[in-house]
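Going down the list, the sequences are from chains A and B. Residue 166 in the numbering used here sits at position 166 of the first sequence; the count goes up by one each step and never skips. Residue 132 in the numbering used here sits at position 132 of the second sequence; the count goes up by one each step and never skips.
Be careful, since some hints might not be right.
In silico contact screen, one side only, chain A against chain B (beta carbon under 10 Å); selected entries [stated by the list, open to error]:
hint	residue
1	R46
2	D51
3	R52
4	L188
5	F189
6	A190
7	M243
8	V341
9	A497
10	R500
Stretch-level coverage of chain B by chain A, calculated; a stretch enters the list once three of its residues show a Cβ under 8 Å from a Cβ in chain A [to be verified]:
hint	region
11	194-202
12	227-237
13	248-254
These aren't lab readings, by the way, just hints derived from the structure by calculation. Note that the coordinates shown come from a computational prediction; the quantities given were computed from them, not determined experimentally. Just so you know, even glycine gets a beta-carbon here, dropped at the ideal spot from N, CA and C.
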Amino acid sequence: MGDLLDDYQLADAYDEMFTGLSQPREHYQSLNAVLQTLSRRDFEERCDARDRAFRDAGITFQLSGEERPFPLDLVPRILPADEWTVIESGVRQRVQALEAFLADVYGPGRILKDGVIPRRLVVTSTNFQRAAAGIEPPRGVRVHVAGIDLVRDAEGKFRVLEDNLRTPSGISYVIENRRAMTRVFPELFASHRVRRVADYPTRLLESLRATAPEGVEDPSVVVLTPGVHNAAYFEHSFLARQMGVELVEGSDLVCHDNIVAMRTTEGLQRVDVVYRRIDDDYLDPLHFLGSSVLGCPGIVNAARAGMVTIANAVGNGVGDDKALYPYVPDMIRFYLGEEPVLANVETFRLEEPDVCEWALERLDRLVVKPVDGSGGHGLVIGPHADDKELTALGRRIRRNPRGWIAQEPVALSTAPTYVDEAMGPRHLDLRPFAINDGERIWVVPGGLTRVALPEGSLVVNSSQGGGSKDTWVLASPTDGPEPVPDPAAPAAPLPDAPLRPPDRGPVQAQGQQQQQAGTAC
Amino acid sequence: MLSRIAESLYWIGRYTERAEDTARLLDVHYHHLLEDRWADEATACAGLLRAMGDDPDELIAATDADGVTEFLSFDTKNPASITSSLTAAWENARGAREAISSEMWETLNTTHHTLPSQARLVAGRTPHDFFRWVKERAAMLAGLADSTLSRDEGWSFLVLGRNLERVDMTARLLSARYAETWGPTVWTTTLRCCSAYEAYLRTYRHGVDASSALEFLLLDRLFPRSVLHALTTAQRSLGELDPRAGRTGVDDDARRILGRCHAELSFLRVSDAAADLPELLEHLQDATAQVHRAVSDRYFLDTHAIAWSA
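Excised from the complex, chain B in its bound form (with noise of 0.2 Å):
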C-alpha cells in the first residue's frame, strides 16, 4: 500500500473521532454547565482550554459556555477545532478516495458540505443538535468503514488511527475533569461524554464513585471506550500491519512503546492510578504521540512534499 494513502487513512481515524470525541466533551460540558450553577464557569471553561491544548490567557474571547463552545466547535482557525477536524478528514479522504469505499467518501463528503449550514442553525440556539449531528456522523463513518472495507493495511491504519486518538482524547478528558470546579457530580459527567455512563451502572450496580469511575474508564477490557480497550486495539493493529513474530524482543519501536504502557495499564491498580493521576495521564498523552512518531517515521516516510526554495 502506498505510504501516501496509508497515512491518509490514518488521519481520517484520528480526525474524525477527534472532531466526535471533542464534541461529545463539549455536550455534555456545555449542559452541565446550565444545571449545575454552581460550577464556576470561567475556571471550568479554561481548564477544558488547557485539556485540549489551548492557553486560556491568550483566548479572551473563549471565557463562558458559549465563547468555548463556538472557539472548540467553529472557529477555522483552531486547528483542533470540530469543523478543522472534519475538514481534515475530508481532505485526506479526498486525496485516497480510491482506497476507500465510495460510501465512506460520500459520507465524508456530505459531512464536509453540510458543515456550514449545521454551524449556521446552531448561532444562537443550543449546540446539542450540532453535536449530535457530528457524533452521528462519525458514528456513520465508522459503520460503513466496518461494512465495507476489505480488513487489509488500508483498515488496519484507520483503526490505529482511531484509537490511539481515543486514547489522546481520553486523557485530555480526565485532565479537564480533575478540577474542582466541575461540582460534585463530575465523575457522572465524565462517564456520560464517554456515552459510559449506562455502562458503568451496568457493571457496577452502585452508585458513581471516582475510584470505579476512573477504573471503568482507563482499565476496563470490555468497554470500548475505555483507555486500555483502545490500547489493545490499536496494538492489534500494529499487530497486523507487521505480522513477523520474532523469537524475542520486538523491533518496532512503535509496538514496544505501546506494549509497555498496554502491560503497565493491564497490571495497574486503580488506587496507584488515582494517586498519580496527572503523570499517568501525561504518560499517556507522550506515548500517544511517541507511537505517533514512529508510525510515522517507519510507515508515512517521505511522504510530503519536499518545498524546494525558489
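Here chain A stands alone, though its shape is the one from the complex (with noise of 0.2 Å):
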C-alpha cells in the first residue's frame, strides 16, 4: 500500500476527485485504486522520468526569460462523460455566438441598431479592427480555432471565465501530456477509456484547407509565427510538424497584387491560407504597427480581395474583449435564441456610474481585471490584496472605467496535486479548444487543465508560474471507436497461419567448440 495519498486535505472548494476525506467521487475510483498502490518514492521516480521526457523533447515554455520544461502534474484530470456533453455543447454554442457576433459588428451591425449591445463600448475597443470591416471571410469563418476558459464553482457547476478568439495557444502541451503521460505512466491507463487528443492537428489542417478562398483546388497553409523569441514557440513549430506544412516567419512571405507567397528554393510559392499566431498589431504594417517587422505588408488587403485566409480573421479582439464579456449570454440569445449552456461568472459592467462606485467600495471582495489585459496579467484579487493596492487600483479604475471589469470571486475547483512531495488541493481551470470549419464545430475532447502551483492561489496562467494536468475525457460505457478524420481502408483478414520466422544466421556451435579447445591448451 502506499502513502501518496493519505495526508490530502480537501480545501474549502468543490474537489474535482473526492467528496470527503478518503471518498473518491466514482469516476475517479479506478485511478484513486492504482495511486494508492504507489508509495511516495515511485511516484517521484515517474515524476523524474517525466522531467527527462519533457526536457530532451524540448518541451519548454520560457518565464520570465527562462527556458523550463512544462511542469505536468502527474494526477489526470478526469472529467466523466455527462459533464463532457455539456461543456461540448455549451462551448460550441459560444463559439457560434461569437462568429455571429463577429460578423455582425464587422457588417450590418444589426446588435448595436438594436441596443443590446451599447455601441460606444464595441467601437472603443483597442481590438476593434476598423481595417477588417467588411472583409468577407471564406465560408464565414473568422473564429478557426477558440479556446473557452470555464471554471467550475462551489456547487460543481462549469462557468465561463473568458473567451479567446485570436490566438488561443495550449494545445500542443495538451498533445504533448497525453504523450507523456502513456510514456511514464502506462497502467493508468488500463483500466480507463480516455478519448484521443491527438486527432487535433489532423482536424486543424483539414478545417483550415476547407476555409481556403473559394475556387483553390489544393490550398496551401502555412502556420506564421513571429520567430524562436516567442514564447509559444515550441507550439508553432509543433503545429506546423504536426500538420506537415510550412513555418514560416514574415520576412518568408511577399504580398504582391493581393498575392501571397513564400520564398522558396523554387521561386515564389502561392499561400492560401496563413495560421497566424501573431497579434493583429504585428500583422500587415500597411494597417497596423507600421515599425512592424515581423508581419506581411499587404495582407489585409489580400483578404479584403478574397485572394488569402487569415486564421484566425483580423479583428477578433473585439469578440473576447473582457468588457464584452458580459454580453456574450445576451449575444447568444439574440443570434441563436437560446438559453446559454454554460454560464458566465457574475461580473459588473464598470462602465455604467452607479455600478462602478458600488464596486470601488466593495473592491476587496472583487476580482478586478484590465479588459485588454490576457495571460492574468494585471488581474487583482481583491480578497488577497493589501489596502495599498486596492487604494491603486480605485484611482486607475476612476480614470478610466471602461479599461476594467470586476467579477464576484469564483472559489475555482480543487485537484490533488504533486508539490513539494506532498499531494495537495491546488486550483484550476479548464480550456477546452474549438476548430470551426464553417459547417460544424469540433471540440477537442479534453483540453487544458491548468493548475496554480502555490497553495490557495487562484492564478493558473504558465506565464504566472501555473502548471498543468493531463485531463481525460472518459468515453460513455455505450459509445464505439471514436471515428477519424478520414477512415482508414477496409481492412483485409488477419493472416491466420503465422509468417516465416525470420532467417538466422550461421549457428554458433563452432565457437563453443573453439572455446572448449582454447582451454585445453
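Taking the hints as your guide, dock the two standalone chains into a single complex.
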C-alpha cells in the first residue's frame, strides 16, 4: 500500500476527485485504486522520468526569460462523459454566437442598432479593427480556433471565465501531456477508456483547407510565427510539424497584387491560408503598427480581396474583449434564440457609473481585471490584495472605467496535485479548444487543465508559474470507437497462419568448440 | 574478403536492423494499445506474434501487451527477440573484430553488456525507455559504420544485410496492421513505427489515409525506410559486389530476384498494391528469403564448420 494520498486534505472548494476524506467520486475510483498502490518514492521516480522526457523533447516555455520544462502534474484530471457533453455543447454554442457577433459588428451591426450591446463599448475596444470591416472571410469563418476558459464553482457547475478568439495557445501541451503520460504512467490508462486528443492537428489542417479562398483546388497552408524568441514558439513548430506545413516568419512571405507567396528554392510559391500566431498589431504594417517587421505588408488587403485566408481573422479581439464578456449570454439569445448552456461568472459593468461606485466600495471582495489583458497580467484578486494595492487600483479604475471589469470571486475547484513532495489540493481551470470549419464546430475531447501551483493561489496562467494536468474525457460505456477524420481502408483479413520465422545466421556451435579447444591448450 | 567475415558483416546488418525494427514495432503498438482502449488487446497481440513468425496458440503467456513485449524483447529462448538479435549481432562482430572499426565493435560490445541492466530497469515499468535505447544504439552503430568503414566489400555486405532485413520487417509490420482490431488510427500508428509519420505529413500535406500511407511505406522513392528505397539500396550493394556488367542479362541470382522485385514495385499502382496486399507482402518476404539464399550460396559458401560425427 502506498502513502501517496494519505495526508490529502480537502480545501474549501469543490474537489474534482474527492467528496470527503478518502472518498473518491465515482469516475475517479479506478484512478484512486492505482494511486493507492504507489509509494511516495515510486511517484517521485515517475516525476523524474517525466522531467527527463520533457527536457529531452525540448517541450519548454519561457518564464521571465528562462527556459523551463512544462510543468505537468502526474495526477490526471478526469471528466466523465455526461459532464463533457454539457461542456461540449456549451462551448459550441458560445463559439457559434461569437462568430455571429463578429460577422455582425464588422458588417450590418444589427445587435448595435437593436441596442442589445452599447455601440460605444464596441467602438472603444482597442481590439476593434476598422480595417476588418467589410471583409467577408471564406465560409464565414473568423474564429477558426477558439479556446474557452472554464472554471468550476463551489456547487460544481462549470462557468465561462473568458473567451480567447485571437491566438489561443496550449493545444500542443494537451497533446504532449498525453504522450508523456502514456510513457511515464502506462498502467493508469489500463482501467480507463480515455478519448483521443491526438487528432487535433489533422482536424485543424482539414478545417484550414476547407476555409481557403473559394476555387482553390489544393490549398497551401502555412503557420506564421513571430520567430524563435516568442514564448509559444514550441507550439508553432509543433503544429507546423504535425500538420506537415511550412512554418514561416514574416520575412518569408511577400504580397504582390494581393497574392501572398512564400520565398522557396523553387521561386515564389502561392499561399492560400495563413494560420497566423501573430497579434493583429504586428500582422500588417500597412494597416497596423508601421514599425512591425514580423508581419507581411499587404496581407490584409489580400484577405479583403478574397485571395488569402487569415486564420484567425483580423479584429477577433473585439469578441473576447473583457468589457463585452458580460454581454455574451445576450449574444447567444440574440443570434441563436437559445439560453446559454454554460453560465458566465457574475460580472459587473464598470462603465455604468452607479455600478462602478458600488464596486469601488467593495474592491476587497471582488476580482478586477483589465479588459485588454491576457495571461493573468494586471489581474487583482481583492481578498488577496492589501490596502495600498486596492487604493491604487481604485484610482486607476476611476480614471478609465471602460478599461476594467469586476467579478465575484469564484472558488475555483481543486484537485490533488503533487507539489513539494506532498499531495495537496490546488485550484485549476479548463481550456477546451474548438475548431470551426464553417460547417460544424469540433471540440477536442479534453483540453488544457491549468493548475495554480502555489497553495491557495487562484492564478493558473503558465506565464504566472502555473502547471498543467493531462485532461481525460472518459467515453461513455455505450460509445464505440471514435470516428477518425479520414476513415481507414476496409481491413483485409487477419493472417491466420504465422508468417515465416525470420532468417537466422550461422549457428554458433562452432564457437563453443573453439572455446573448449582454447581451455585445453 | 574472407567469406566468413563477409557473412558476419551481413548478419551484423541484419540483426541490428531486426532489433531496431522490433523495438519500433513494440514501442508504437504498446502505447497504441494503452491509448486506444477500443483495440482488442488479445487479437492485436496475436496478430503481432503471427507477423513475427510465431504461433500465438503455442505461447500462452504472451496474450496481453505486457506478455508480448516480454516475449519479443527479452525472451532469450525466442531467437527473434530484441535481446537475441542484439546478442547475435555481437557474436558476429566478435568473430570479425579485425574487419570492423573498433568504434563499431565497442558500440556493439557495450550494447551487449548493458542489455541485462536495461532489461532489469524495465521490469515493472514502462518499456518505452528500453525501446528508445535500442533504437539509439542501432542508430549509433549505423552512424559509426557510415563514418568509419571503408566503402569496400565489407561495407556492401553490411548495407545489403540491413536493407534486406528492412524489406522483410516492413512487410511484417504491414501484415501486423492489416487487422481490423488495431482500431481506426491504424495507419498513423503504422507510419509512426517507421518514423514516417512526420515525413508523410510533409509529403502529402493532408491527413493519413490508407492509400497514401501504403503508398508512402511501400513505394516512396525518397524516404529511407520505404520498401522501395530499401530494395534500391540493397540492389546497389549487390551491384557493387559484382561490378561486371555483361551485355545481356544478369548471371547473379540474387540480383535477378531483387531486380525483378524492384521493377515490380517501381511500376506498381498503389490501388493494385492495396487490392492484393496479403499476396504482395508474402511475395516480398519470399523474395527476400530467396535473395538471402542466393547471396549465401554465392558468397558465404562453406563457411559453416563441418560437424564430424564421432
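How the hints compare with the structure:
Taking 10 Å as the C-beta contact cut-off toward chain B, the hint placing A:R46 at the interface holds, the least distance being around 9 Å. Restraint check, A:D51 versus chain B: the minimum CB separation of about 14 Å is more than 10 Å; hint violated. Taking 10 Å as the C-beta contact cut-off toward chain B, the hint placing A:R52 at the interface holds, the least distance being around 9 Å. For A:L188, the shortest C-beta to C-beta distance to chain B is roughly 9 Å, which falls under 10 Å, so the interface hint holds.
With 10 Å as the threshold, the beta carbon of A:F189 comes within range of chain B, its nearest partner Cβ sitting at about 4 Å, so the hint holds. Given hint, A:A190 at the interface with chain B, holds; its Cβ is 7 Å from that chain's nearest Cβ, closer than 10 Å. The criterion of a C-beta within 10 Å of any C-beta in chain B is met by A:M243, whose closest approach is roughly 7 Å, and the hint holds. Hint status for A:V341 relative to chain B: violated, with the closest Cβ pair at about 28 Å, above 10 Å.
About 7 Å separates the beta-carbon of A:A497 from the nearest beta-carbon of chain B, less than 10 Å, and the hint is met. Interface restraint check: A:R500 against chain B, minimum CB-CB distance 6 Å, threshold 10 Å, status holds. Counting residues of the region 194-202 of chain B whose C-beta sits closer than 8 Å to any C-beta of chain A gives 4, which meets the bar of three, so the coverage hint holds. For the region 227-237 of chain B, the stated coverage by chain A is violated: 0 residues have a C-beta nearer than 8 Å to a C-beta of that chain, whereas at least 3 were required.
Residues of the region 248-254 of chain B lying with their CB closer than 8 Å to a CB of chain A number 0, which falls below the three-residue condition for coverage.
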